[in-house]
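Quick one: dock chain against chain with the hints and give me the complex.
Listed here are the chains, written in short residue letters.
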Amino acid sequence: MSSNSESLGHLPIDAMSTAAGEATKTDTHGHSHDAHGGHGEHHEEQNFFLKYFWSTDHKIIGMQYLFTGMLMALVGGFTVYVFRMQIAFPGISVPGWGRVTPANYDGLITTHGSVMIFWVAMPVLIAALGNYLIPLMIGCDDMVFPRLNRLSYQIFAISILVLGASFLVKGGAFGGAWTSYPPLSAKAEYNLTPQGAPLWLLAVALEFVAFLLGGINFVTTVMNSRAPGMKMFDVPMVVWMIVIASILFMASVGPLVAGAVMLLFDQTVGTHFFDPNKGGDPILWQHLFWFFGHPEVYVVLLPATGIVAEIITVFSRKKLFAYKTVLYTAVGTGVLSFFVWAHHQFIAGIDPRMANIFSLTTLLISIPVAEMMFVFIATLYGGSIRLTVPMLWALAFIGEFLIGGVTGIFLGASGADIYFHDTYFVIAHFHYTFFPIAFISVFAAVTYWFPKMFGKMMNETFGKLHFWGTIIPFNFIFIPLFLLGVRGDHRRIFDYSRFPDLMKPGMPELRVLATLSLVTLLAFQAIFLLNFFYSLFKGKKADRNPWLANTLEWQTPSPPPHGNFPEGLPTVYRGPYEYSHPDRAQDYWPQNEKAAS
Amino acid sequence: MISKYLEAGSTYAGDIDSLILLILAVVGFWGLLAEVVFFGLIFKFAEKEGVKALYVTGEDPKEKRWVSIPHYLTLIFDVMIIIGALRVWAEVKLDMPQADETVRVTAQQWAWTFTHPGPDGKLDTEDDIRTVDELHVEVGKTYHFELASRDVLHSFSVPIFRLKQDIVPGRIIKGWFKPVITGTYDIQCTEICGIGHGLMPAKIVISEAGKHQAWVKANAGVAAVAAPVSGSTGGMP
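Chains as they are written, first to last, in our numbering: chain L, 1 to 597; chain D, 1 to 237.
Just chain D, with the same shape it has in the complex (with noise of 0.2 Å):
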């Protein structure tokens, strides 16, 4: 459903997708059926000349059914959803497989930096690039990202991953993707961080390995800072 608008862009995506898909069968299914009973009292009971309501308690075990039978459905559905949604979450959030590459995501009132390893693959060297605004990665490799805040809180989202995750100044909080398909696309800040949330838009760079590894060495060395606007850095570099 969700790829019909937004391609699927990382391993885990299609997944996501599936289950956002799998919840909308089974509520849709049954939220369907509970409208078209609850209409279809309205207009069979419609009041009548000359015909009085019934009297049900609805305490009987047999009138019961009508409540408990639903009960027990939605019971059996909610478990099947449940299995569902932790299976996903585990891929995404839990285990972490091994990565190719890290790079480092640094949010801050109201810009992105994020910090590439340079043509050695390693972070914290000489040829490290850092870019404002703009993430590179290269298709079919597993990356580990590390967001760290300067300042407030902010929300790395990368849409055509299904990937979200908040960024909590003095916190160093870790995850993984892996891209499928190349192009260029939107991240966004998804966490209210003042005036300019509005304004911090950032791009993912999805390309093929060639075209990659010639960015990396193009701008091997490139630090570019983002000015900090409130002055504090948040205990960050």
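In isolation and in its complexed conformation, chain L is listed as follows (with noise of 0.2 Å):
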């Protein structure tokens, strides 16, 4: 810990006035190395123990990350495919499952929606590729508290654990879904998880802990330890993205801790937060929550579009349309996004003119996410692209994110809502925005930085297959949800044939349509997985710098070693995005490329 803290008393005033003086950089530089036990240069053979569960190089910690993440999402496809095969089928015995019971169904949808948002979108899009790219693409050895980085890890590690438990103890896993509403989440007679619901909290809770040491960190190595020359808009958007992400979630996690704390007190101590029957309130949690849960989305939209602005640059051979337009629509969204949670409570029991001042947020906030995705568009033009497969996957992302941002304006218009709130039409928005944003840009990313993870290529053909077997089955689940909701099917039941209103011509077959095609979905992530580990062993070698592109972690060995740059830290002459520049024969410019003129 000393030597750690002793290189932290070094950054924030050196190293604070950002074009920082190399002499500066290489002494920070020197002093992350202690921190280290003085691994970097001199690599020793340590145990597999050690070098993978006992890292502080932010490169395992994002793997480790990546990996549990992957993990993860198993679990949350698990969970969708047995309660999707009971919601087309009803009463069959689900193979791999079993019959589902009511209580069964609530604790399935809870977990995939907690696990698919809690523990895969936020582990991998902020947690994996924060800790992977930030120091690559900055310049710099390390995370500036890699201890904290490990700690985080590890906190993230016990969280799952915590889950896990929850559904080994009497009355199961909680199923009160992921919002977690009282009083039916307070009181055991209620939800009849004496145990399941408490551990499902904790393990939310242990979980935000992880991802405030993670965020400190990210905002805090990006702030002091770019590369000397790099200067605020010389860094590349993903980056920017995951700092203004961390920032949005720290600022608004707070609230959401409080009151998991206070809702974990009513149902361990007997408190009456949020009992009515002794003058708390139910609704107040809601706020709580939303409050946190709103800008959430933004957390983990925000890293995916930085993701999206790499690689259509690099495979449209062009520069970032309006690089500065991004970032302030960035943070114009991350100010708003604190500014429309109520539009999920507008018939909750909110005093009804409330929906008038959330209406008009809500619908602004278009605005800003919008531009973005004009902007991205615009970048196309002119450009010179190539259909690999990262880009196909950022196009992707862009192509169906625009229809949940436009099917959003439904539920963002407090009259429409009325109708909407709470059917499958909000799922089949929410999946058109989550998707996208947990898989179809974690897809990218993970195709195009995977050589440089690795030192391997992945196999394009397999890859373009597990692209196509992906992104038309998506299409095909959620559309027909689209058109079910619009029918009035509601959310979280686990049988719709009570209802004969829901049991008209078309509607059973629109159902057993989207698990079909969710089934084939899942099925394709075997290619995924298939490819994925095939090319970690097997893959052709890729060099350093396959994709000819721009940002600095291209600029170093493939895999890096522990310190990033073993030929010294790069400096920085340019912006990322400077591809077929006008001057240059060559259509790319690398940010450490000293300039010939």
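I should point out that these hints are in silico values taken from the structure, not numbers from a laboratory.
Treat the hints with care, since some could be wrong.
List of simulated lysine-lysine pairs, BS3-like, C-alpha gap at most 27 Å [to be verified]:
| id | chain 1 | residue 1 | chain 2 | residue 2 |
| --- | --- | --- | --- | --- |
| 1 | D | Lys-4 | D | Lys-203 |
| 2 | D | Lys-122 | D | Lys-4 |
| 3 | L | Lys-464 | D | Lys-48 |
| 4 | D | Lys-4 | L | Lys-504 |
| 5 | L | Lys-464 | D | Lys-44 |
| 6 | L | Lys-594 | D | Lys-52 |
| 7 | D | Lys-122 | D | Lys-141 |
| 8 | D | Lys-4 | L | Lys-324 |
| 9 | L | Lys-231 | L | Lys-538 |
| 10 | D | Lys-174 | D | Lys-141 |
| 11 | L | Lys-540 | L | Lys-594 |
| 12 | L | Lys-464 | D | Lys-52 |
| 13 | L | Lys-540 | L | Lys-456 |
| 14 | L | Lys-504 | L | Lys-324 |
| 15 | L | Lys-456 | L | Lys-51 |
| 16 | L | Lys-51 | L | Lys-538 |
| 17 | L | Lys-504 | D | Lys-178 |
| 18 | D | Lys-203 | D | Lys-174 |
| 19 | D | Lys-62 | L | Lys-324 |
| 20 | D | Lys-217 | D | Lys-141 |
| 21 | D | Lys-178 | D | Lys-122 |
| 22 | D | Lys-203 | D | Lys-122 |
| 23 | L | Lys-541 | L | Lys-51 |
| 24 | D | Lys-64 | D | Lys-141 |
| 25 | D | Lys-64 | L | Lys-324 |
| 26 | L | Lys-278 | D | Lys-174 |
| 27 | L | Lys-51 | L | Lys-540 |
| 28 | D | Lys-64 | D | Lys-52 |
| 29 | L | Lys-170 | L | Lys-51 |
| 30 | D | Lys-48 | D | Lys-4 |
| 31 | D | Lys-141 | D | Lys-178 |
| 32 | D | Lys-4 | D | Lys-141 |
| 33 | D | Lys-203 | D | Lys-141 |
| 34 | L | Lys-231 | D | Lys-64 |
| 35 | D | Lys-64 | D | Lys-44 |
| 36 | L | Lys-504 | D | Lys-203 |
Given below as structure tokens:
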């Protein structure tokens, strides 16, 4: 710890002046190496456990998050498979699970939602990519708080154990939906999961602590450890996005952690914060939850758009259209995202006049988000577009997210939300935003940075097969759900046959179509896993810059050794998107290449 | 669009449907246009041998128009949608017309109790009619409803009316509707309320005046009670 704090004491003053002098920079560099106990230059053989489970290397921690996220995605995928089978074929014995009881069903949907958001999207988009990419892309050797970083992952791992334990206790896993509204979530007599509910809440709270530590690290590192010459507007967009997302997360998570502790007390020690019988107010929880919950959408959206920005510029050989505009729209979206939360509560029993305000802010947030999409589309103009696998994913993000964006207008418009609230229209809209965020952009990122991470190329044919095998079924899952929402299917119902209005001709068929498409989509993920692990061991060797990209991570060996830049930390001379510059024969211009002129 | 699948059963259902149609037209047109431009660019600017990409910073005001014009268009159409949304919202949730009759809706895990006024047309008298999972109303009459919960959150959803309102224990939440068609339709709980959430269907029976009055007379004073499952009454009678 001492060597760690020593290097810290050094950072703030010297390195704050951004385009820090090279002398200062080297100094910081030297010290951070100490923080690693001297593994930097003289890389010694470590045993497997120390290397992969006790490392403070940001790349290893990033991969820990990535692999854990992939594992949790299997859990999220399995749960949705089981409950979608029940919806399409009520009462059947689902292969791999058996008959689905109502209690099972509620547990499965709750687990699917919370796992996919808290244990897949968050760890992969923020923690895995943030950890892996930030030091490499800003040209430093590691995070400024490497041990905090390790602690962050360890707490995250504990949160998974706690969540896992909730399945094994009496009463089973919590089934009150990922939003966990009291009084249902607060009292065992209502939710019938006396131990599952507190464990779920504890797991969520622990997970937030882990990301708080990560967020502190990301922001501090980017502000203090950029390579000499890298000005604020030379920082690659994905790094900016992760920083803005971390700030949003840290600013919004406080009320939720407070709310989680209050709810935990209501559950376990008999307080009455949310108990209307004793003067508490259940709607207070909804405010605390959504005050976090809505910025949270942008916490994961922003890194995803950052990934897209990196990839579409590389594979259209174009400069990012209006860099500063993208940055300002991201900040604008972030600020606005704190003023839209009650659009989840239009009909929740809050003063109906409030809906007017929140409808207004909600529709306004469409402007910066739409603008970001316009910028990406404009970037394609005049490009030299190569449809590689990462590019396909990045483009698919834009195409699909547009649908997610415009369908949000129906829900943000208070008058229309009266009908659509809590129907499958909401689910379809949400997944048209979240699937592009949590999966499409992540597949883009993994296929793009795979050569850097593992020094091997992924197979293109399998990559494309996986791409089409995911994108086509994805649309065939959620277009039917839009239609079902329009026709009135409401959420969290394990068997629609009790509702004659929801069993009209065509409706059961749409449910079956969605489920079969889901099964297809899940099956195609096997191709991804196969490609991933096959390429990892047997893939063609990748050189340091296979995509001819500008950003710093591509200017060091693949995979980068501990310490990242064996030839010395880079100096930055230009922005990250100088593709096809008229003064150059080559169509790319690495950020660290000295200007010839 | 909605009425193709589900009749517009209340005075405001048509307005909600029109609002949805307006939004569909606006976002459908612009969303589709964006997709067309997007796919068009992908095909038009596919890599060609020997053709270098353009160098466009997007900082020039002339180039920025590509983004700023759609930006202002978004704003204009947003305002249009907001005005429509707020008007419909006010009609359904803010302005309560004078009631001809009031019904009381009590939700609990996992049943509905509906309290109708008896032949005297007033609540809280001896001839009140209490039913479980079946709400009887007369077409063309304006109803106020009072929502209460005995335990957890529920939501009173009558899709045929395009009406939805969460029910919060400890509060009485009021609203209104005026049926314009007759028939029997679903009432649904649309807020997760525990393992029986999917087992909480109810019916709304909308009848002509004569038929409805006959039902009221025949059932005056009937007091069906849904047995509480969880023991707690949430402060409700």
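Checked hints:
| no. | hint | result |
| --- | --- | --- |
| 1 | D:Lys-4 / D:Lys-203 | holds (21 Å) |
| 2 | D:Lys-122 / D:Lys-4 | violated (37 Å) |
| 3 | L:Lys-464 / D:Lys-48 | holds (21 Å) |
| 4 | D:Lys-4 / L:Lys-504 | holds (12 Å) |
| 5 | L:Lys-464 / D:Lys-44 | holds (21 Å) |
| 6 | L:Lys-594 / D:Lys-52 | holds (23 Å) |
| 7 | D:Lys-122 / D:Lys-141 | holds (14 Å) |
| 8 | D:Lys-4 / L:Lys-324 | violated (46 Å) |
| 9 | L:Lys-231 / L:Lys-538 | violated (39 Å) |
| 10 | D:Lys-174 / D:Lys-141 | holds (17 Å) |
| 11 | L:Lys-540 / L:Lys-594 | violated (31 Å) |
| 12 | L:Lys-464 / D:Lys-52 | holds (26 Å) |
| 13 | L:Lys-540 / L:Lys-456 | holds (5 Å) |
| 14 | L:Lys-504 / L:Lys-324 | violated (51 Å) |
| 15 | L:Lys-456 / L:Lys-51 | holds (20 Å) |
| 16 | L:Lys-51 / L:Lys-538 | holds (22 Å) |
| 17 | L:Lys-504 / D:Lys-178 | holds (25 Å) |
| 18 | D:Lys-203 / D:Lys-174 | holds (20 Å) |
| 19 | D:Lys-62 / L:Lys-324 | holds (16 Å) |
| 20 | D:Lys-217 / D:Lys-141 | holds (17 Å) |
| 21 | D:Lys-178 / D:Lys-122 | holds (18 Å) |
| 22 | D:Lys-203 / D:Lys-122 | holds (22 Å) |
| 23 | L:Lys-541 / L:Lys-51 | holds (23 Å) |
| 24 | D:Lys-64 / D:Lys-141 | violated (56 Å) |
| 25 | D:Lys-64 / L:Lys-324 | holds (11 Å) |
| 26 | L:Lys-278 / D:Lys-174 | holds (22 Å) |
| 27 | L:Lys-51 / L:Lys-540 | holds (25 Å) |
| 28 | D:Lys-64 / D:Lys-52 | holds (22 Å) |
| 29 | L:Lys-170 / L:Lys-51 | violated (38 Å) |
| 30 | D:Lys-48 / D:Lys-4 | violated (48 Å) |
| 31 | D:Lys-141 / D:Lys-178 | holds (6 Å) |
| 32 | D:Lys-4 / D:Lys-141 | holds (25 Å) |
| 33 | D:Lys-203 / D:Lys-141 | holds (18 Å) |
| 34 | L:Lys-231 / D:Lys-64 | holds (23 Å) |
| 35 | D:Lys-64 / D:Lys-44 | holds (21 Å) |
| 36 | L:Lys-504 / D:Lys-203 | holds (16 Å) |
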